[in-house]
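Chemist: Listed here are the chains, written in short residue letters.
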Amino acid sequence: MTAMSSTPPLPGRALVQGAAQAEALVSGEPLSFWGGYDQLTGEIIDRRHPLSGENAAGKILVLPASRGSSTTAAVLLEAIRQNKAPAVIITMGTDRFLTLAAIVAEEMYDRTVGIVSIDADGFASLAGAREIRVDSTGIVTRVA
Amino acid sequence: MTLHLTDKDRAFLDGEHGPAGRFAMSILVRMAEAQDAEAMLDIEGAHIDSTVYQGEATMEFAEHLAGLGGKVIVPSSVNVSGVDQEGWKDWAVPEDWAMKAYRQMQAYQSMGCTPTWTCAPYQTAMRPRFGQQIAWGESNAIAFANSVIGARTERYPDLMDICAAITGRVPALGLHLDENRRGDLLLRLVDVPLEVQRDDTFCTVLGYLMGKIAQEQIPVIEGVEVPPSEDDLKMLGAGGASAGAVALFHIANVTPEAPTVAAAFGGRQPTERHDIDLATLRAARGELTTGRGDAVDMVVIGSPHFSLAEFERLAPLVADERKSDRVEFLITTSRMMRALAEQAGLLEPLRAFGARITVDTCILTTPMLPDTINTIMTNSAKYAYYSPGLLNARVIFGGLADCVRTAVAGRVERDETVWGT
Numbered sequence: 000m001t002a003m004s005s006t007p008p009l010p011g012r013a014l015v016q017g018a019a020q021a022e023a024l025v026s027g028e029p030l031s032f033w034g035g036y037d038q039l040t041g042e043i044i045d046r047r048h049p050l051s052g053e054n055a056a057g058k059i060l061v062l063p064a065s066r067g068s069s070t071t072a073a074v075l076l077e078a079i080r081q082n083k084a085p086a087v088i089i090t091m092g093t094d095r096f097l098t099l100a101a102i103v104a105e106e107m108y109d110r111t112v113g114i115v116s117i118d119a120d121g122f123a124s125l126a127g128a129r130e131i132r133v134d135s136t137g138i139v140t141r142v143a
Numbered sequence: 000m001t002l003h004l005t006d007k008d009r010a011f012l013d014g015e016h017g018p019a020g021r022f023a024m025s026i027l028v029r030m031a032e033a034q035d036a037e038a039m040l041d042i043e044g045a046h047i048d049s050t051v052y053q054g055e056a057t058m059e060f061a062e063h064l065a066g067l068g069g070k071v072i073v074p075s076s077v078n079v080s081g082v083d084q085e086g087w088k089d090w091a092v093p094e095d096w097a098m099k100a101y102r103q104m105q106a107y108q109s110m111g112c113t114p115t116w117t118c119a120p121y122q123t124a125m126r127p128r129f130g131q132q133i134a135w136g137e138s139n140a141i142a143f144a145n146s147v148i149g150a151r152t153e154r155y156p157d158l159m160d161i162c163a164a165i166t167g168r169v170p171a172l173g174l175h176l177d178e179n180r181r182g183d184l185l186l187r188l189v190d191v192p193l194e195v196q197r198d199d200t201f202c203t204v205l206g207y208l209m210g211k212i213a214q215e216q217i218p219v220i221e222g223v224e225v226p227p228s229e230d231d232l233k234m235l236g237a238g239g240a241s242a243g244a245v246a247l248f249h250i251a252n253v254t255p256e257a258p259t260v261a262a263a264f265g266g267r268q269p270t271e272r273h274d275i276d277l278a279t280l281r282a283a284r285g286e287l288t289t290g291r292g293d294a295v296d297m298v299v300i301g302s303p304h305f306s307l308a309e310f311e312r313l314a315p316l317v318a319d320e321r322k323s324d325r326v327e328f329l330i331t332t333s334r335m336m337r338a339l340a341e342q343a344g345l346l347e348p349l350r351a352f353g354a355r356i357t358v359d360t361c362i363l364t365t366p367m368l369p370d371t372i373n374t375i376m377t378n379s380a381k382y383a384y385y386s387p388g389l390l391n392a393r394v395i396f397g398g399l400a401d402c403v404r405t406a407v408a409g410r411v412e413r414d415e416t417v418w419g420t
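These protein sequence lines map, in sequence, to chains A and B.
Numbering that gives the first Met the number 0 puts the first residue of the first sequence at 0, with every later residue one more than the last.
Numbering that gives the first Met the number 0 puts the first residue of the second sequence at 0, with every later residue one more than the last.
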């Protein structure tokens, strides 16, 4: 804790507000949620993805972006409805597909996943993180 | 950066056009702010991909909007749904799935969408025109509309396309704007023999390779010497939108925003140049096949949905032939194309051959295939790309004539003379 608490907090941008401190799943590879995220369990099921087999429900998922299909938004919306979405997703820049799902969920179900965008340097500094804290203004702190 | 809203936009936000208009505009405005848009712009049409059934959330979203009185205010076609409304019982679709997917279809129809139920809306009467601003979902349709027609759409996520159709507005961003439609990278065909360029799998393979290289950038292709048909370009775009996220491509001397290579780049230099020769194409073609040996359970064609011109090409290939009992032969298309093919007398030879037709949906968007189908053969890069992950199926890739030959033989039969493999 002492070593890492010296890491300065990153000024992320909260596109959809959500605060959490949780285990982190970090990858530099984009992920298509259609065919890549099991909306009923939270497991990452794209067998070519480095996080394949991990369960992201309730965690802080760090990805550069989603990939490919328009249907990624629908898959994340269903995962939120099933309570199997990550607590917060951090992306490098704005990901339109994930942000949209989170906004629609907030409007429809009154619950959502936090979506935070950070810049490339901030993204790089999260490599290997095991635990992350995000506050509702989008400040991202690497805890471990 | 500040988002400037017009009085019309504010009227939607204030609920003057009803609760559905307020809901839709509030989502669009939040999306515009998240992407730092400075304004919204008018659209003249929409293609709604939100019709794909992904579970109860997509159904509840549709019924929520319909329940708020949502109505589209621009002509809106609909993409594939989660179920073949009349034919699902012939396949392995669970009844609960069929009922919910059908409710979702009804919700979109009640909002005034035109029931096209197709992933190839550009081959219907709702095809947009050059320069028109539109809001389209469905990756292959987006690529075709932008590239082949020269209409203008961003890549819209499901759920956002219907919000655009209800308000007639979208954030003024990305491919809607001139300056973002110029080419990024150059793909140059080098010494690719004309007989290969004439092969009916050439554009499909080129599209797949284009997607792998370009990812979400805008590629410009130089060196296409055999004029591609509309269906060739459809297969090319679908390949690029599957293996990558290509929403706009230019082909010099073929597509409307690329009279020349220089025009396609709009005065800029390419950021990257890639030479594509026969060996590169051959390797890409090989990647589309994941099955080994000559066993095959089903031939499936029609992704994107089969067109009338494709029915016209297929009919003589199956004349006086009969498929093997060991292999299913499935064509996925729209109700409208099926009706046109029927009127043109093209379905009778197909029935005699033993082919079946599914409409409204496709094998990737409805759970129709029984678990006895382990290996499929197809001429579609999109089916080839997604079937291993979504259906856990092995894939054999080949041209239309090879698909027919294989169905007749009951085992994989491919004529590889042209490709020299």
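Worth flagging that the hints you see were computed from the coordinates, not collected in a lab.
Hints may be right or wrong, so weigh each one.
Covered, in the sense of this in silico footprint (three residues per stretch, anywhere, with C-beta under 8 Å from a C-beta of chain B), are these stretches of chain A [to be verified]:
hint, stretch
1, 68-79
2, 100-106
These stretches of chain B come out as covered by chain A in the derived footprint (C-beta under 8 Å, 3 or more residues) [what the hints assert, rightly or not]:
hint, stretch
3, 26-38
4, 46-59
5, 218-226
6, 299-306
7, 395-407
Glycine included, every Cβ here is placed at the ideal spot set by N, Cα and C.
Chemist: Are there three or more residues in the stretch 46-59 of chain B whose C-beta lies within less than 8 Å of some C-beta in chain A?
Modeler: holds (count 9)
Chemist: Taking 8 Å as the C-beta cutoff, is the stated coverage of the stretch 395-407 of chain B by chain A satisfied by three or more residues?
Modeler: violated (count 0)
Chemist: For the stretch 299-306 of chain B, do three or more residues have a beta carbon lying closer than 8 Å to a beta carbon of chain A?
Modeler: Result for this restraint: violated, n = 0.
Chemist: Using a Cβ cutoff of 8 Å, are there at least 3 residues of the stretch 100-106 of chain A near chain B, or does the coverage claim fail?
Modeler: holds (count 4)
Chemist: The stretch 26-38 of chain B covered by chain A? Criterion: 3 or more residues, Cβ-Cβ distance below 8 Å.
Modeler: holds (count 6)
Chemist: Between the stretch 218-226 of chain B and chain A, are there enough contacts, at least three residues with CB-CB distance under 8 Å, for the coverage claim to hold?
Modeler: Not satisfied, violated; 0 residues make the cut.
Chemist: Examine the stretch 68-79 of chain A: at least three residues should have C-beta closer than 8 Å to a C-beta of chain B.
Modeler: Answer holds; 10 residues pass the 8 Å Cβ test.
Checked against the numbered hints given earlier, the structure breaks hints 5, 6 and 7 and satisfies all the rest.
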